[in-house]
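Trainee: Modelling step: build the complete structure from the supplied sequences, incorporating the hints.
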Amino acid sequence: MLGLDESIKDWFASQVSVWQLKNGRHDLPWQKTRDPYKIWVSEVMLQQTQVKTVIPYYLKFLKKFPSIRSLAEADLDSVLVIWSGLGYYSRARNLHQAARTINTRYSGRFPSDFESIVGLRGIGKSTAGAILVFAFNERFSILDANVKRVVTRFFYNVLDVGATHSINQLWSLVDDLVPSEGIVEYTQGLMDLGAGICKPSAPICELCPLNKHCYAYARGLFDVNQKPKSRQKSVVTKNYLVFKRGAHIILQKGSSSGIWPDLLNFPECTNDQLIKLPFLLQQNKFQFGEISQLPALTHELTHLKIAIRAFLIEISSSRRPRLINNSAWIHMSDLDNHPIPKVVRKIIALVARRKSSV
DNA sequence: AACGCGGGGAT
DNA sequence: ATCCCAGCGTT
Numbered sequence: 000m001l002g003l004d005e006s007i008k009d010w011f012a013s014q015v016s017v018w019q020l021k022n023g024r025h026d027l028p029w030q031k032t033r034d035p036y037k038i039w040v041s042e043v044m045l046q047q048t049q050v051k052t053v054i055p056y057y058l059k060f061l062k063k064f065p066s067i068r069s070l071a072e073a074d075l076d077s078v079l080v081i082w083s084g085l086g087y088y089s090r091a092r093n094l095h096q097a098a099r100t101i102n103t104r105y106s107g108r109f110p111s112d113f114e115s116i117v118g119l120r121g122i123g124k125s126t127a128g129a130i131l132v133f134a135f136n137e138r139f140s141i142l143d144a145n146v147k148r149v150v151t152r153f154f155y156n157v158l159d160v161g162a163t164h165s166i167n168q169l170w171s172l173v174d175d176l177v178p179s180e181g182i183v184e185y186t187q188g189l190m191d192l193g194a195g196i197c198k199p200s201a202p203i204c205e206l207c208p209l210n211k212h213c214y215a216y217a218r219g220l221f222d223v224n225q226k227p228k229s230r231q232k233s234v235v236t237k238n239y240l241v242f243k244r245g246a247h248i249i250l251q252k253g254s255s256s257g258i259w260p261d262l263l264n265f266p267e268c269t270n271d272q273l274i275k276l277p278f279l280l281q282q283n284k285f286q287f288g289e290i291s292q293l294p295a296l297t298h299e300l301t302h303l304k305i306a307i308r309a310f311l312i313e314i315s316s317s318r319r320p321r322l323i324n325n326s327a328w329i330h331m332s333d334l335d336n337h338p339i340p341k342v343v344r345k346i347i348a349l350v351a352r353r354k355s356s357v
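For the first sequence, numbering that gives the first Met the number 0 assigns the number 0 to the initial residue and increments by one for each residue that follows.
Hints listed in this document are in silico derivations from the structure and should not be mistaken for laboratory results. None of these values were measured; they are calculated from a predicted model.
Lysine-lysine pairs mimicking DSSO-like chemistry, simulated, CA-CA at most 30 Å apart:
hint	residue 1	residue 2
1	K21	K198
2	K124	K147
3	K345	K63
4	K341	K63
5	K147	K232
6	K124	K198
Derived DEER-like restraints, expressed as beta-carbon distance ranges:
hint	residue 1	residue 2	range
7	N156	L58	38 to 48 Å
8	G195	E313	48 to 58 Å
9	D174	P55	26 to 36 Å
Built from N, CA and C at the ideal position, the CB exists for glycine as well.
Mentor: So this is what it looks like as structure tokens:
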């Protein structure tokens, strides 16, 4: 407990709720339903991912997997296909696994109590709270980036932001702020305020329904949030081999220990193998034309930068080299039916560009 | 409690 | 280049 005045709590919730009903977002796809399954899918997609990015993926996903059972019975591959390009693919894995858990443990019915929900793979405290609010109209709190920012700025004076326990302080604060009525519009309002008014930079405080008692606004504080020390990304160099035969390319399923497990990518090789590549191909009686290097490319991941050297190898024979395991010829117009990370599309775009320029 | 996760968009 | 995003799982 942070010893908040009851009147300020009531005022805060009331301001947020009233503002939301008039000025907030009401037409997002997942706002048209109370189906916990659909709410769940949206919340998982929205983890560390912006609303605008999620919308098309959400619509595609629900069309393909309209129910918990359809998701549980699907192959992981078909789930990853829909997820391709959205990133953080472990979310898709977790979603799939949790659907199967719901099938077996809860007879296919989405659980409605916090402990059961938060016990599902890929669902933490905040996502569980959001599901309980939006699907079950239960009084729970959430703490996403929006809420964190709004609450930290408004209640800056009652928080010890520099403390190591600051995240726990924020949780106890938002728990304390949960209103007795109107939890849906209150919760949605906090996020809408964070997204549209109380923005990270250049917040529009003049339009904020909380500005009258906002600590940061009163003090002219700009950034009261802790900025995480930016770590230097390590860089790795990879050689990708783009075997191309007509409109087909060879893609290989990633190992479970590497980057992008279970997704398709180009075969890789070491620098040593690269030098010996013509010899290796000949040894496999593999008929190939000239080996050309595509323009250099870097792909950035959360904690890693990949410097990519891609080599285009035109193939005339229809066989597949034995030295490439778990691989297949994929038609370039058929990529939407395969689970691939975005970097593969980038490289294929380079291949297509080269072809047209010649 | 801090860190890794091995993305992607906006500026 | 940098920052930010409807956070979670692991150690």
